[in-house]
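> Between the sequences and the hints, there should be enough to build the whole structure, so can you do that?
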Amino acid sequence: MTTEYVTARDDGAILAVRVQPRARREGVVGLHGDAVKIALRAPPVDGAANAALLALLAKLVDVPVARLRIVAGQTGRLKRIHFADLPAATL
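In numbering that gives the first Met the number 0, the protein residues as written are 0 to 90.
Mixed in with the good hints there might be a few duds.
Think about it this way: if two alpha-carbon atoms lie no more than 25 Å apart in a straight line, the pair counts; the simulated SDA-like pairs of lysine to any residue are [said to hold, decoys possible]:
(1) K58 to E25
(2) K36 to R8
(3) K58 to R79
(4) K58 to Q73
(5) K58 to P43
(6) K58 to T2
No wet-lab data here; the hints were simulated from the structure.
Given below as C-alpha coordinates:
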(Lines of atoms letter the chains of each structure in order from A and count residues from 1; the text may use other names and numbers.)
(Lines give C-alpha, C1' and ligand atoms only; values in the text may rest on other atoms or scores of the structure.)
Protein backbone atom coordinates (compact mmCIF):
# COMPACT_ATOMS: atom_id res chain seq x y z
CA MET A 1 0.00 0.00 0.00
CA THR A 2 1.29 3.41 -0.92
CA THR A 3 -0.53 6.67 -0.29
CA GLU A 4 0.70 10.23 -0.51
CA TYR A 5 2.11 10.05 3.01
CA VAL A 6 2.84 6.32 3.50
CA THR A 7 5.28 4.35 1.36
CA ALA A 8 5.57 0.57 1.62
CA ARG A 9 9.05 -0.98 1.63
CA ASP A 10 10.31 -4.53 1.99
CA ASP A 11 11.71 -3.73 5.44
CA GLY A 12 8.71 -1.76 6.74
CA ALA A 13 7.01 1.52 5.91
CA ILE A 14 7.95 5.18 5.55
CA LEU A 15 5.66 7.89 6.92
CA ALA A 16 5.95 11.50 5.75
CA VAL A 17 5.46 13.89 8.67
CA ARG A 18 5.30 17.66 9.13
CA VAL A 19 6.15 18.61 12.71
CA GLN A 20 4.79 21.63 14.58
CA PRO A 21 7.04 22.06 17.66
CA ARG A 22 6.11 24.08 20.75
CA ALA A 23 2.41 23.41 20.23
CA ARG A 24 -0.15 23.83 22.97
CA ARG A 25 -1.43 20.27 22.53
CA GLU A 26 0.36 17.16 21.36
CA GLY A 27 -1.00 14.75 18.77
CA VAL A 28 -1.95 14.18 15.16
CA VAL A 29 -3.49 17.35 13.72
CA GLY A 30 -4.39 16.09 10.25
CA LEU A 31 -2.91 16.15 6.77
CA HIS A 32 -0.67 18.91 5.45
CA GLY A 33 -0.10 18.43 1.72
CA ASP A 34 1.39 14.97 1.31
CA ALA A 35 2.41 14.58 4.97
CA VAL A 36 0.73 13.91 8.31
CA LYS A 37 0.88 17.00 10.52
CA ILE A 38 1.84 16.30 14.12
CA ALA A 39 1.90 18.87 16.92
CA LEU A 40 4.50 18.46 19.67
CA ARG A 41 4.97 20.32 22.95
CA ALA A 42 8.72 19.86 22.82
CA PRO A 43 10.92 22.64 21.42
CA PRO A 44 13.13 21.98 18.39
CA VAL A 45 16.28 22.15 20.53
CA ASP A 46 18.92 19.44 21.01
CA GLY A 47 16.74 16.78 19.40
CA ALA A 48 13.91 17.14 21.93
CA ALA A 49 11.22 17.44 19.26
CA ASN A 50 12.63 14.46 17.33
CA ALA A 51 12.63 12.31 20.47
CA ALA A 52 9.08 13.41 21.32
CA LEU A 53 7.95 12.66 17.76
CA LEU A 54 9.34 9.12 17.81
CA ALA A 55 7.87 8.48 21.27
CA LEU A 56 4.43 9.72 20.20
CA LEU A 57 4.40 7.70 16.97
CA ALA A 58 5.59 4.56 18.79
CA LYS A 59 2.79 4.97 21.33
CA LEU A 60 0.13 5.55 18.65
CA VAL A 61 1.15 2.50 16.61
CA ASP A 62 2.00 0.41 19.71
CA VAL A 63 5.55 -0.51 18.74
CA PRO A 64 8.86 0.03 20.56
CA VAL A 65 10.63 3.33 19.83
CA ALA A 66 13.66 1.30 18.74
CA ARG A 67 11.76 0.24 15.59
CA LEU A 68 11.35 3.86 14.45
CA ARG A 69 14.03 6.02 12.88
CA ILE A 70 14.17 9.38 11.14
CA VAL A 71 15.56 8.75 7.66
CA ALA A 72 15.17 12.30 6.31
CA GLY A 73 14.58 15.73 7.81
CA GLN A 74 16.57 15.37 11.02
CA THR A 75 16.81 19.17 11.38
CA GLY A 76 13.70 20.31 9.49
CA ARG A 77 9.96 20.26 10.00
CA LEU A 78 9.37 17.84 7.12
CA LYS A 79 10.53 14.36 8.11
CA ARG A 80 10.36 10.81 6.83
CA ILE A 81 10.02 8.19 9.56
CA HIS A 82 10.90 4.54 8.92
CA PHE A 83 8.85 1.95 10.80
CA ALA A 84 10.91 -1.26 10.76
CA ASP A 85 9.02 -4.50 10.07
CA LEU A 86 5.64 -2.77 10.05
CA PRO A 87 3.24 -3.16 7.11
CA ALA A 88 2.19 0.10 5.47
CA ALA A 89 -1.47 -0.84 6.00
CA THR A 90 -0.93 -0.45 9.76
CA LEU A 91 -0.26 3.25 9.33
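> Each hint should be assessed against the structure and marked as holding or not.
Against the structure, the hints come out as follows:
Straight-line distance between C-alpha atoms of K58 and E25 comes to about 12 Å, which keeps the hinted pair within the 25 Å bound. For the proposed pair K36 and R8, the alpha carbon gap of about 22 Å is at most 25 Å, so the pair holds. Note on K58 and R79: the hinted pairing holds, with a Cα-Cα distance of about 17 Å set against a maximum of 25 Å. Pair hint K58 plus Q73 holds up; C-alpha atoms about 20 Å apart against a cutoff of 25 Å.
Between K58 and P43, the direct Cα distance comes to roughly 20 Å. Compliance with the 25 Å bound is thereby established for this hinted pair. Between the alpha carbons of K58 and T2 the distance comes to roughly 22 Å, so the proposed pair stays at or under 25 Å and holds.
In this structure, none of the earlier numbered hints is contradicted; all agree with it.
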